[in-house]
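Residue numbers (the working numbering), protein chains in the order written: chain P, 6 to 227; chain D, 205 to 511.
With a straight-line cut-off of 30 Å between C-alpha atoms, the simulated DSBU-like cross-links for lysine-lysine are:
hint, chain 1, residue 1, chain 2, residue 2
1, D, Lys347, D, Lys416
2, D, Lys458, D, Lys428
3, P, Lys122, D, Lys317
4, P, Lys12, D, Lys325
5, P, Lys122, D, Lys325
6, P, Lys192, D, Lys382
7, P, Lys219, D, Lys325
8, P, Lys45, P, Lys113
9, D, Lys401, P, Lys192
10, D, Lys477, D, Lys428
11, P, Lys192, D, Lys407
12, P, Lys68, P, Lys12
13, D, Lys213, D, Lys382
14, D, Lys317, P, Lys12
15, P, Lys19, D, Lys325
16, D, Lys385, P, Lys192
17, D, Lys416, P, Lys192
18, D, Lys213, D, Lys416
Hints are computed from structural coordinates only; laboratory data are not their basis.
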Amino acid sequence: MITAEQKPMQEIIKYIEPYDKILLIGCNECVTVCAAGGRKEVGLLASALKLDRLKHGKTLDIKEITLERQCDPEYVEELVTAIDDADAVLSMACGCGVQTVAARYNNKHVYPAVNTKFMGASLSQGVWAERCQGCGDCMLGITAGICPVSRCSKSLLNGPCGGTSNGQCEIGPDTDCAWRLIWERLKALGLEERYEELVEARDWRPAGGAGPRKIIREDLAL
Amino acid sequence: MKTESRLEKVLTSGALAVTSEVGPPRGVDPEIVKTKANMIKDHVDGINVTDNQTAMVRMSSMAAGVIIKQMGLDPIIQMVTRDRNRLAMQSEIIGASAFGIDTMLCLSGDHPKFGDHPMAKSVYDIDSIQLIQTVKDMRDEGKFQGGADMKGRPNMYIGAAANPFADPFELRVMRLAKKAKAGVDFVQTQCIFNLDKFELWMKGVEDRELDKEVHVLAGITPMKSVGMARYMKNKVPGMDIPDEVIKRLAGVSKEQQPEEGIKIAVESIERLKETKGVHGFHIMAIEWEERVPEIVEQAGLYPRPQF
Numbered sequence: 006m007i008t009a010e011q012k013p014m015q016e017i018i019k020y021i022e023p024y025d026k027i028l029l030i031g032c033n034e035c036v037t038v039c040a041a042g043g044r045k046e047v048g049l050l051a052s053a054l055k056l057d058r059l060k061h062g063k064t065l066d067i068k069e070i071t072l073e074r075q076c077d078p079e080y081v082e083e084l085v086t087a088i089d090d091a092d093a094v095l096s097m098a099c100g101c102g103v104q105t106v107a108a109r110y111n112n113k114h115v116y117p118a119v120n121t122k123f124m125g126a127s128l129s130q131g132v133w134a135e136r137c138q139g140c141g142d143c144m145l146g147i148t149a150g151i152c153p154v155s156r157c158s159k160s161l162l163n164g165p166c167g168g169t170s171n172g173q174c175e176i177g178p179d180t181d182c183a184w185r186l187i188w189e190r191l192k193a194l195g196l197e198e199r200y201e202e203l204v205e206a207r208d209w210r211p212a213g214g215a216g217p218r219k220i221i222r223e224d225l226a227l
Numbered sequence: 205m206k207t208e209s210r211l212e213k214v215l216t217s218g219a220l221a222v223t224s225e226v227g228p229p230r231g232v233d234p235e236i237v238k239t240k241a242n243m244i245k246d247h248v249d250g251i252n253v254t255d256n257q258t259a260m261v262r263m264s265s266m267a268a269g270v271i272i273k274q275m276g277l278d279p280i281i282q283m284v285t286r287d288r289n290r291l292a293m294q295s296e297i298i299g300a301s302a303f304g305i306d307t308m309l310c311l312s313g314d315h316p317k318f319g320d321h322p323m324a325k326s327v328y329d330i331d332s333i334q335l336i337q338t339v340k341d342m343r344d345e346g347k348f349q350g351g352a353d354m355k356g357r358p359n360m361y362i363g364a365a366a367n368p369f370a371d372p373f374e375l376r377v378m379r380l381a382k383k384a385k386a387g388v389d390f391v392q393t394q395c396i397f398n399l400d401k402f403e404l405w406m407k408g409v410e411d412r413e414l415d416k417e418v419h420v421l422a423g424i425t426p427m428k429s430v431g432m433a434r435y436m437k438n439k440v441p442g443m444d445i446p447d448e449v450i451k452r453l454a455g456v457s458k459e460q461q462p463e464e465g466i467k468i469a470v471e472s473i474e475r476l477k478e479t480k481g482v483h484g485f486h487i488m489a490i491e492w493e494e495r496v497p498e499i500v501e502q503a504g505l506y507p508r509p510q511f
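So here's chain P without its partners, still in its complex pose (with noise of 0.2 Å):
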């Protein structure tokens, strides 16, 4: 899923500072799992910003509303009337979601109340990690499941680089070496000889080289 995490209060502050009256929207897909932009979210944000209103001797008017799907503009259309009353949009969705709502409604100043973070996936309670780059050409067939491109720090494609230390990468002891999980891996597999296979440098243009990316389904366009 996308991960994303709130941005820090005095620069949501900062964005909503000239306006008196703000739809707040969540969104129930991926930023609801990674609790930075759901239904409770936008709840705890909103009493967060009416509170420092209050504060400063001043009042909010805050509507809030969590759509089922932000990048998607069906559930967008909804907004439609609760809209209208707001001086300005606060999104607690991803980038997608707030693209979407800024781009059907587009004399609303829309601002985006999260850092939208990485493709990861949940390691325990709390904690995710990033585990895809969207490259386009996915290789985690040659390479036992563990992605090069995401998980080493130089997306190397040929092995582990001469700074790997306590199966550690370089960067420091909280990451993994992805080339000795990817090692670990072939081994137990039975794989080994996968390893000295050459990966030829890669066409980037699946992975945003070529500009801005998309997919036209043919066979679902109406």
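Could you slot chain D onto chain P? The hints should help.
Leaving out everything else, chain D in the frame of chain P:
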């Protein structure tokens, strides 16, 4: 002979090669490069010029390499894939070749985290093995990485690094095999302090007859002090410094430690000369270039062969 490289001539002759390195300055003064190169020029067959080592901005390896080339010496320019994409690296290879530079080293480079620009974005368009392939295709096929024909080929003797001490150890011979398959001509290893482990790695290299495909230059670094040894043990990624080395340096007075460090370096060379598959030495005397000549002399590697 594939190239005009002096290093290739020495290695092909069967003599033990000696290389050392010059770190370019963090400023514009060419005299610093010349002074350092002059300290070692008579005692080596090639002078590595590091490329923004430890991810600190310095004079480019190509520019410092040209200065050294114009002194009539033999630079080995290092190139890390961290800072440039394949277009920039290929144009640099052509430029270096136009200046007569004929030997280079293909590296991935230290992570920016270690340098003075930790906020920089790494490039890593290609990795070190893919850079080896790129240089080889330019040299042997006259092709750019993108497939187009080039006009006039860069005759580069192609080097890379090898670290027998990084994890996982059992992968380290295979890693060299992969570099050999990609087309590397020689490798310079990480500084060797754990000689037993190095010899174990060399045995693996020899068992697969990789020493027939790739010339291995053993990396030697003289320790200036026990403090430096401790720092390298604890802080430098991928280093293996046995406690005996630390004990030996700590066992002499502070004033005697540099001499002890040189002695350890010379003894290491003496032992590794006998190790099958070791075809030379790469002496990395960090900000201590002036001591390289005596190490080479004491190790019986002087005078250097002339071609």
